[in-house]
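Undergrad: Sequence:
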Amino acid sequence: MIPLPIPARRSMNVLSRLQAAFQSVLENMVPEHGPYLEMIRPAQDARFGDYQANMAMPLGKKIGLPPREVAQKIIDQLDISNWCETPEIAGPGFINLKLKTDWIANELSTMLKDPNLGVSSAAAPKTYILDYSSPNVAKPMHVGHIRSTVIGDSLARILRFVGHRVITDNHLGDWGTQFGMIIYGYKHFVDEERYKRTPIDELGRLYRFVRRLMDYHYSQASLPDLSSQIFKLAEQAKQKEEQLEGAAKPDAKKLRKELARLNEKRKDTQNQLAKAEQLIQDVEQDESLLQVANAHSGINQAVLNETADLHAGDPTNRQLWDEFLPACRDDIQKIYQRLDIDFDHELGESFYQPWLGEVVEEFKSRGLATESDGALCVFLDAFDSPMIIQKRDGAFLYATTDLATIRYRMQKWNPDVVLYVVDHRQHEHFAKLFAAADVWGYEQTEFRHVAFGTVMGPDGKPYKTRSGDTVGLEGLLDEAVQRARSVVDQNLEKSADLKFEEAERQQIAEVVGLGALKYADLSQNRASDYEFSYDKMLALKGNTAPYLLYPYARVNGIFAKGEIDSSTFRQAVKGLTLDRDQERRLGLLLLRFENALAESLVDYTPNTLANYLYELTAGFGQFYEKCKVLEAENETARQTRLALCDLVRRTLKTGLSLLGIDVVERM
RNA sequence: GUCCCGGUAGCUCAGCUGGAUAGAGCAGCUGACUUCUAAUCAGCAGGUCACAGGUUCGAAUCCUGUCCGGGAUGCCA
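Throughout the first sequence, residue numbering follows my numbering, covering 20 to 686 in sequence.
Because the hints were derived from the structure by calculation, they are not lab data.
Keep in mind that the hints are not guaranteed to be accurate.
[Unchecked claim] Have a look at the derived ranges for each label pair, beta carbon to beta carbon:
| hint | residue 1 | residue 2 | range |
| --- | --- | --- | --- |
| 1 | Q291 | T484 | 12 to 22 Å |
| 2 | R230 | A522 | 31 to 41 Å |
| 3 | E582 | P61 | 30 to 40 Å |
| 4 | S404 | E521 | 58 to 68 Å |
| 5 | A522 | D328 | 46 to 56 Å |
| 6 | D349 | R179 | 18 to 28 Å |
| 7 | Q289 | R230 | 19 to 29 Å |
| 8 | K284 | Q509 | 14 to 24 Å |
| 9 | A522 | S404 | 31 to 41 Å |
| 10 | S247 | D305 | 50 to 60 Å |
| 11 | Q289 | N433 | 48 to 58 Å |
Keep in mind that this is a model prediction, so the values were computed, not measured.
Note that beta-carbon positions come from the ideal geometry of N, C-alpha and C, so glycine has one too.
Turn these sequences into a full structure, and let the hints guide you.
TA: Below you can see the structure in the form of structure tokens.
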């Protein structure tokens with residue numbers, strides 16, 4: 020498939036215009052001018068102008084001239100006088116650039132009339148495949164799925180918006196042990212009546228029930244081992260303590276460290292033991308449940324067998340799987356619908372089963388994989404351990420499916436870039452996978468692991484419920500909305516003149532709650548772990564969804580009060596004049612939108628866009644405080660401010676939509 | 001053991017492809033609602049950017065080492 024040509028639009032990107040101007044000067048001064056163009060950036064301090072160019076210092080070094088002299092040479096040849104003030108040289112050789120205010124005003128009126136807010140399409144559109152969310156079906160989705168889902172969705176939206184061809188694919192886990200579990204559950208414990216009426220609920224119940232029985236037996240089996248481990252660790256700790264008594268200083272430090280580590284480990288193991296005992300106790304407290312558990316003492320192995328039978332093509336299990344899968348998929352679909360997320364494809368692990376053998380054969384026949392300890396391994400430079408693609412018992416693995424997936428995607432879509440939005444713990448797996456893809460012959464494609472950190476609880480540990488279970492995603496969404504609702508109600512109590520009916524309150528709560536949840540995630544640097552807190556994500560100030568949603572509603576309020584029709588207004592606007600500082604600053608911020616999008620794609624970091632929107636909102640706040648809109652000093656000021664308001668509103672709406680967040684007309 | 005990620009204000013976090021005096025929000029203190037929505041705005045205070053070296057005209061940012069935290073580590077995904 021050939022990418023469709025995309026009509027070029029006029030770019031509002033100040034930075035790329037400056038770069039173009041500098042390029043024609045630098046071309047004559049230095050052969051490798053690319054890196055120097057990167058040294059143009061928005062000024063950090065308003066006193067230094069609007070933009071600054073920092074290349075004179077390194078350039079001076081390179082060509083052996085004083086930096087300030089180099090700066091002067093550049094300025095002399097720079098052809099920007101019709102849209103910039105005369106550049107100034109400061110300090111060791113910074114070139115400070117200030118845009119002509121009239122020019123900014125002019126750009127803004129163009130932006131006002133452009134439905135795309137001046138964002139031009141990518142000059143060279145690429146094909147991207149985005150692999151994200153990828154939950155195990157038949158297990159309830161939990162808090163761990165939110166990041167992949169939300170980050171991947173946002174990246175897909177941004178890439179599309181700037182004109183790339185984007186294919187999103189939800190690589191569902193639909194072929195794993197969890198199906199062995201519900202098959203076993205169905206065969207032994209199904210409530211036919213319930214299954215007919217509400218299959219999803221019944222399958223969910225079966226999954227949890229079997230999980231419980233398995234945990235029970237597994238815990239029992241692990242008790243002796245855990246106890247003896249604790250004993251051993253205690254012994255070792257005692258030994259260390261004795262050694263420590265007579266140890267010299269340098270050794271003592273090392274010993275103390277080892278001792279601390281041993282104690283830590285013992286504590287961990289004790290916790291494991293306590294948890295196992297709890298699981299056992301839970302079952303034993305219930306007489307009838309205990310009887311069932313005892314009657315199914317071989318359940319753990321039996322579940323593995325059911326899974327193996329399914330994979331081997333056993334007709335009964337296959338038929339059950341065919342029956343269960345649609346129900347399971349519908350179930351997760353409900354969550355996606357609520358989060359407004361959809362995929363072009365949902366090709367799960369099962370989809371690739373028919374080709375795993377072929378892939379393995381190819382690796383074998385081409386000498387890319389060799390046998391080691393009975394397993395088929397791909398040995399890769401730069402890795403100590405190989406990537407195993409077939410187990411000793413002949414079974415295939417995660418890595419095998421991933422390779423087959425790569426082959427399928429290459430053949431079907433021939434992507435330039437494939438992004439895997441998966442948590443950071445799988446980094447090494449992907450490093451190996453990509454290295455394998457490389458030797459396989461796909462070295463021209465960029466494979467990229469877009470890694471992200473863990474969602475933490477207030478205790479600084481992975482977010483869990485009080486009883487230590489993972490937090491279900493559906494409940495998470497409900498609570499966010501419910502808390503947003505109480506914020507809505509609280510605020511409406513304060514202002515008597517605003518009247519909101521029940522339905523609108525609920526709708527605002529839904530948008531704000533889900534928006535807050537997504538925004539909390541997306542405003543964070545994806546690489547770091549982050550602390551989950553309803554209170555923080557729903558705060559009215561700071562880098563939160565409610566704060567960003569507010570100016571949108573405010574601007575709507577202004578237009579409503581002034582009885583101004585937006586589209587008529589946009590067409591009618593003649594010229595803008597940015598007299599006030601706040602107006603000019605806000606205008607500059609608005610012109611940076613396209614650049615913010617580009618920056619968020621450099622390293623696939625939606626938080627770059629989120630931070631920009633936050634800055635824009637803060638800039639609007641200052642403007643709003645100082646500049647009356649409807650009752651401006653004169654008609655031109657009024658027009659200018661209405662235009663700025665309209666641009667802020669649209670930029671926020673568009674920007675938030677690229678984060679997958681909806682807006683409310685008033686709040 | 002090896003490898004990967006992190007350590008920035010009391011707390012939660014931006015900034016990290018090197019740039020001028022390190023930024024937000026919360027918490028603390030002070031102010032601003034007869035006003036286009038105060039779900040807001042203005043101000044004060046708060047820092048050895050873990051530590052030590054190095055590269056550089058210039059380092060929170062790059063390199064090396066140390067400490068601390070998390071993760072991965074041959075047949076789970």
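Undergrad: Take the hints in turn and mark each one as holding or not.
TA: Going down the list of hints, with the structure as the test:
At roughly 18 Å, the beta-carbon separation of Q291 and T484 lies within the given 12 to 22 Å, and the hint holds. At roughly 40 Å, the beta carbons of R230 and A522 sit within the given window of 31 to 41 Å. Evaluation of the 30 to 40 Å hint for E582 and P61 yields a pass: the beta carbon distance comes to about 37 Å. Taking 58 to 68 Å as the suggested C-beta distance range, the pair S404 and E521 conforms, at roughly 59 Å.
For the hinted restraint 46 to 56 Å between A522 and D328, the CB-CB distance of approximately 51 Å keeps it satisfied. Taken as a hint, the range 18 to 28 Å holds for the pair D349 and R179, whose Cβ atoms sit roughly 26 Å apart. Restraint check, Q289 to R230: a C-beta distance of roughly 24 Å satisfies the suggested window 19 to 29 Å. Checking the proposed 14 to 24 Å range against K284 and Q509 shows it is violated: the Cβ atoms sit about 47 Å from each other.
Between A522 and S404 the beta carbons are some 58 Å apart, a value that contradicts the proposed interval 31 to 41 Å. Take S247 and D305: their Cβ atoms lie about 29 Å apart, and the range 50 to 60 Å is violated. Checked against the hint of 48 to 58 Å, the C-beta distance between Q289 and N433 comes to roughly 54 Å, which is consistent with it.
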